[in-house]
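Novice: Chains as they are written, first to last, in our numbering: chain A, 1 to 285; chain B, 1001 to 1285.
Any given hint could turn out to be false.
[Said to hold, decoys possible] Keeping only pairs whose Cα atoms sit at most 30 Å apart, straight-line, the calculated BS3-like set for lysine-lysine is: (1) A:202 - B:1280; (2) A:106 - B:1202; (3) B:1280 - A:106.
It is worth saying that the hints were derived from the structure and are not from the lab.
One letter stands for each residue in the lines below.
Protein chains: 2
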Amino acid sequence: MSAYSAGWTSPAAEVLRVTADGFAAVDPDSTPGYQGRKLDGADDLTAGLRELGELQERLFARSAVGEANGSVLLVLQAMDSAGKGGIVRHVVGGVDPQGIELAAFKAPTAQELQHDFLWRIEKHLPKPGMIGVFDRSHYEDVLIGRVRGLASPEEIERRYDAIVEFEKRAVDSGIRVIKAMLHISRGEQKKRLMDRLDRPEKHWKFTPGDTDERLLWDDYMDAYETVFTRTSTDAAPWYVIPANRKWYARLAVQELLLAALEDIDPQWPIATYDVALEKKRLAAS
Amino acid sequence: MSAYSAGWTSPAAEVLRVTADGFAAVDPDSTPGYQGRKLDGADDLTAGLRELGELQERLFARSAVGEANGSVLLVLQAMDSAGKGGIVRHVVGGVDPQGIELAAFKAPTAQELQHDFLWRIEKHLPKPGMIGVFDRSHYEDVLIGRVRGLASPEEIERRYDAIVEFEKRAVDSGIRVIKAMLHISRGEQKKRLMDRLDRPEKHWKFTPGDTDERLLWDDYMDAYETVFTRTSTDAAPWYVIPANRKWYARLAVQELLLAALEDIDPQWPIATYDVALEKKRLAAS
């Protein structure tokens, strides 16, 4: 298994990991680490799905026979319309549903608000052998939570450290954590939201609140920068994925997933029963 | 929307619904209601996935804007190796994961055993807008439960009626329930289990218990016949799907799903905001 897939000139995990420069170092139109263009990207995505499918099945197989060796958690964060849904459909959707635990985090319920912000998150950490996917996450509690002042500045401060500790514990328990921020430009978002307003079958995807949030774009970018500074760790690094080109963002997230699974390197389990004997018993049955 | 898809000569829900003759009326090698062969089946499956995808998105869209109009629950039951996993991968797996709630029911845990057998099932009934899929189900409690004597005959008796009432309540709450038994022949099962023993990467899918269960084949068939007699209702009918040909079983289950969604006939939601005004606001943002 190579360190990175066809078409890539460097491991995605290296070129996409957030740096001290944050967003300033990332052009949303760019395709870092990948030398192909859109059509190559489609081919490579298809090839990658097959590889991802086999790695996932191996991982699942080990847990099915009680030889758990880890799981993967993909955390997806982004401004509206940046393509989280497309990642779920086209990258996660290519994997056997039996191996996926998908959790979409909306505004917390009254019951959830009575608990610490990580209470509802913990319940959705993937079991051994599974690939967990968070569509939004505990990071909303320091993003919209901060921008909209939903919690006091002291509480927001506390949360950064709580997140780092929470994620370290998850990683120590055997979960590979991939945190991906899909990064589109402000202009691209306007285009995509306008497209939703232009097409009646997309109207349900738009709410007037989307424009309200958009008006706070710079505040959100600031909040993300702080998230990167405070919570990108070696155990659970942040990746900033240029996402103006949907095909690249999908390929990049797939490549990060592949790398995590190749790192686990799950092998088919060895039978714990006597295969020859079982063949005889089955033949006689 | 037609009552049935290309290639079908009769609605799948009509030709596959279990009759008073039970298994006697169903040849596992047959392809009832479908006039094409394997290659046509592959094409029609792909075409059906696109249609299923759009119907699912419409259903999901309505629930996303609070205009819930129903959900679908697919219950999959079968003898080992009959192809439940393939249905999940190739039929369910073609749908956006955001719209799927998949639950695989294994042997109940100690905690689950302290409750009524339907307690753990109820928690997984699909929310409005979703397609729920049960990989095994409450029917295990009257199948292996009966064959292996895991509960008294009186308790098994009680369960049939409890199931009928439970499912009626689910249907009354807006859930379309599709119960599919994938029907393979005893010879086909031997072939498939032997294949698992012949291929090291499939060893994890086999346990010696599979042969033990196989030796009770006739008891299981009897238990299924009783299930059909006692629990196939107009509200939640049983379908027996000939499954020696995997391609047919997948196509047939997809066709049942399509029919249920077409029956709901979800329409794209109408915007509850002023589209022209929102375009202006967005343009100015």
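Novice: Are the hints correct? Go through all of them and say.
Specialist: Hint check results:
{"no.": "1", "hint": "A:202 - B:1280", "verdict": "holds (17 Å)"}
{"no.": "2", "hint": "A:106 - B:1202", "verdict": "violated (39 Å)"}
{"no.": "3", "hint": "B:1280 - A:106", "verdict": "holds (27 Å)"}
When the structure is compared with the earlier hints, a violation turns up for hint 2 alone.
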